[in-house]
Structures are given as C-alpha cells and as structure tokens.
Amino acid sequence: MVDGLNSVVSIIIPFFNHIVDTKRCLKSIFESGIANGAYKYKIILVDDFSSDKYDFIEEQKLLPINLFLNEENLGFAKTCNNGAKEANGKYLIFLNNDTIALNGWLEQLLTVFENNSDVGVVGSKLLYPDNSIQHAGVAFNDDNMPFHIYQHFPSSFPGVNQLREFQAVTGACLMIERELFNYLGGFDEDYLNGLEDIDLCLRVRKAGKKICYNPLSCLYHLEAQTRTLNIAKQRKNVELFGKKWSDKDLCDFRKYYQEDLTDDKNLPKQLQ
1 MVDGLNSVVS IIIPFFNHIV DTKRCLKSIF ESGIANGAYK YKIILVDDFS
51 SDKYDFIEEQ KLLPINLFLN EENLGFAKTC NNGAKEANGK YLIFLNNDTI
101 ALNGWLEQLL TVFENNSDVG VVGSKLLYPD NSIQHAGVAF NDDNMPFHIY
151 QHFPSSFPGV NQLREFQAVT GACLMIEREL FNYLGGFDED YLNGLEDIDL
201 CLRVRKAGKK ICYNPLSCLY HLEAQTRTLN IAKQRKNVEL FGKKWSDKDL
251 CDFRKYYQED LTDDKNLPKQ LQ
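For the sequence shown, the positions run 1 to 272 when the working numbering is used.
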C-alpha cells in the first residue's frame, strides 16, 4: 500500500449516506492501478453527517484512507473545505462518491499540471453508464449561466476528445493545487450543493490561471446519487452566482459549437 504521508495528491471524497456508492468508488480507485503509481497519495473521506451505519475496514486494507465526520449536515462546499483542511498533498482532487474511476484517470490529471505551469484546475471526461457524455467541460449560455457542453453526445464525438481550455469544469472530479485552493479561500460556502465548483473555477481564472479539460482522464458518473435537488436552494445559488458574476460576459458556447460542429444539421437550435 502506498504511504499517504507527504502525499503528492490528496483525494477528497465527500459523502452523505449511499455507502454502496462510496465503496464502489473506492474499489474503482484501487482497480484503476493507483496503488502502482509513481507518486504518493491519500484519500480523505468526509462524512456529511450520514445516518446509515457503515465501516471501511476492507477498503482501508487496500488504500490509505482517513475518515472525518461532520457534526452536522453542512453541504458540499463546507464538507469539501473541511476535507481540504486535513490534506497535505501538493494537489487536491475533489471527487464525487458516485463516480467510477477508470485506468489512468489520476495520472492524466497530473500530466496536465506537470506540463503547464499556467494551469490552475484540471477536469475529467465523465460518462453516463450508457457511455454518453455527462461532462466534457462547462460552457456558458446567453444568460451567463453554466451548462455541461455536449451532454449526452457520444463519447466518440471529436469535440469531447481534445485537451482544451474552458472557463470552468465540474467539481465532480476536479484537481487543483492545494496552495492555490487555500489562497482563494476554498469553495464559497454561501452556495449549497450547486455552482460552488463553477464559482471556484472563475476565481481561479481571475487569479491568472487556466482551467483545462483532459479527456484522457475518464470516469463514469452516476450523477447526483448522494444529494437531492432542492429547487429553493438552487434558486438561491443562481441568485448568488448572478450577484457575483453579472458584471462579466461569460457567454462562450458559440465558440465551441462553431469549432466542433461543421454540419449545420447537427447545430444546436441556438445556432440554426
């Protein structure tokens, strides 16, 4: 087992119940070959006040896992920030517990940082169980609101299979330098289970660093298995996001469509 002390990478996995998902995620991390990598790492599990009973005895035999418990349900941003406070890695990876890691996922995130000193965040290609795209970068619409570009497109689509820069990537699998994360104050805890990842990416860009998407880092994402959507809270998230970023022209989706979609029949309605 790789020693987690002075780890290069701290993998932070927040969870709230759905223990089966978390165990499956941990199993996939082990099976992805991470234990055979040429770097040290540590996994930080943060339980956001789950009611389900569980243990990770078998997983801790295979992986360097530290478990921390919130004393109340705090939500994604605060839980991730709590995990980051326990991290000692040069890099942090925030990973949803409903993901399934594939071979090379971690190495490909590290490679982008190692080869590009101006990069602040790297995100992964995420697939639905049917192998269609769940995440291949985040674009912004005419209302300055983010969305997953090419969602439900086939994973073979050329536009999702190139290393490219975006203004944001999803926090379902996001790598950032710990020093930069701490400098920025982590995730904004005024958000509750929505848009805190996008807000972080925009602050990273404001600090002069790039956001990159690397399709060679690939995972499955079962999406929102852990937290249910609360419409009222999401409305507050949107209001907060608009208040913070309304003075910026974030709209960029046309650029990607025009680069990638040359057949008019395949153009989204906005461009037809």
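Calculated directly from the structure, the hints in this document are not laboratory data.
Accuracy of the hints is not assured; some may be wrong.
Unchecked claim - Straight line, CA to CA, 27 Å or less: simulated DSSO-like cross-link-like pairs of lysine-lysine:
no., residue 1, residue 2
1, 248, 210
2, 244, 233
3, 243, 210
4, 243, 206
5, 85, 233
6, 53, 90
7, 40, 85
8, 206, 255
9, 248, 209
10, 40, 233
11, 243, 255
12, 243, 209
13, 40, 209
14, 255, 233
15, 243, 90
16, 85, 53
17, 210, 255
18, 233, 243
19, 23, 40
20, 244, 255
21, 209, 85
22, 209, 244
23, 236, 206
24, 23, 85
25, 244, 206
Stated by the list, open to error - Quick list of the computed label-pair ranges, beta carbon to beta carbon:
no., residue 1, residue 2, range
26, 216, 86, 26 to 32 Å
27, 144, 53, 32 to 38 Å
28, 259, 53, 49 to 55 Å
These numbers were taken from a predicted model, which means no experiment stands behind them.
Note that beta-carbon positions come from the ideal geometry of N, C-alpha and C, so glycine has one too.
Consistency of the hints with the structure:
1. 248 / 210: 17 Å, holds
2. 244 / 233: 17 Å, holds
3. 243 / 210: Given that 27 Å is the threshold and the Cα spacing comes to 23 Å, the pair holds.
4. 243 / 206: 16 Å, holds
5. 85 / 233: 26 Å, holds
6. 53 / 90: 33 Å, violated
7. 40 / 85: 18 Å, holds
8. 206 / 255: 20 Å, holds
9. 248 / 209: 17 Å, holds
10. 40 / 233: Distance of about 38 Å is beyond 27 Å: violated.
11. 243 / 255: Since the Cα atoms of residue 243 and residue 255 sit roughly 25 Å apart, the hinted pair holds (cutoff 27 Å).
12. 243 / 209: 23 Å, holds
13. 40 / 209: 25 Å, holds
14. 255 / 233: It is violated: about 31 Å lies between the C-alpha atoms, which goes past 27 Å.
15. 243 / 90: Given that 27 Å is the threshold and the Cα spacing comes to 32 Å, the pair is violated.
16. 85 / 53: 25 Å, holds
17. 210 / 255: 17 Å, holds
18. 233 / 243: 15 Å, holds
19. 23 / 40: Roughly 21 Å between the alpha carbons, so the hint for residue 23 and residue 40 holds.
20. 244 / 255: Cα-Cα ~24 Å, so holds.
21. 209 / 85: 22 Å, holds
22. 209 / 244: OK: residue 209 and residue 244 at ~19 Å, within 27 Å.
23. 236 / 206: Distance ~23 Å between residue 236 and residue 206 Cα, so the pair holds.
24. 23 / 85: 23 Å, holds
25. 244 / 206: 13 Å, holds
26. 216 / 86: 26 to 32 Å: 29 Å, holds
27. 144 / 53: 32 to 38 Å: Check failed, 44 Å falls outside 32 to 38 Å.
28. 259 / 53: 49 to 55 Å: Holds: the Cβ-Cβ distance is about 50 Å, inside 49 to 55 Å.
Of the numbered hints listed earlier, those contradicted by the structure are 6, 10, 14, 15, 27.
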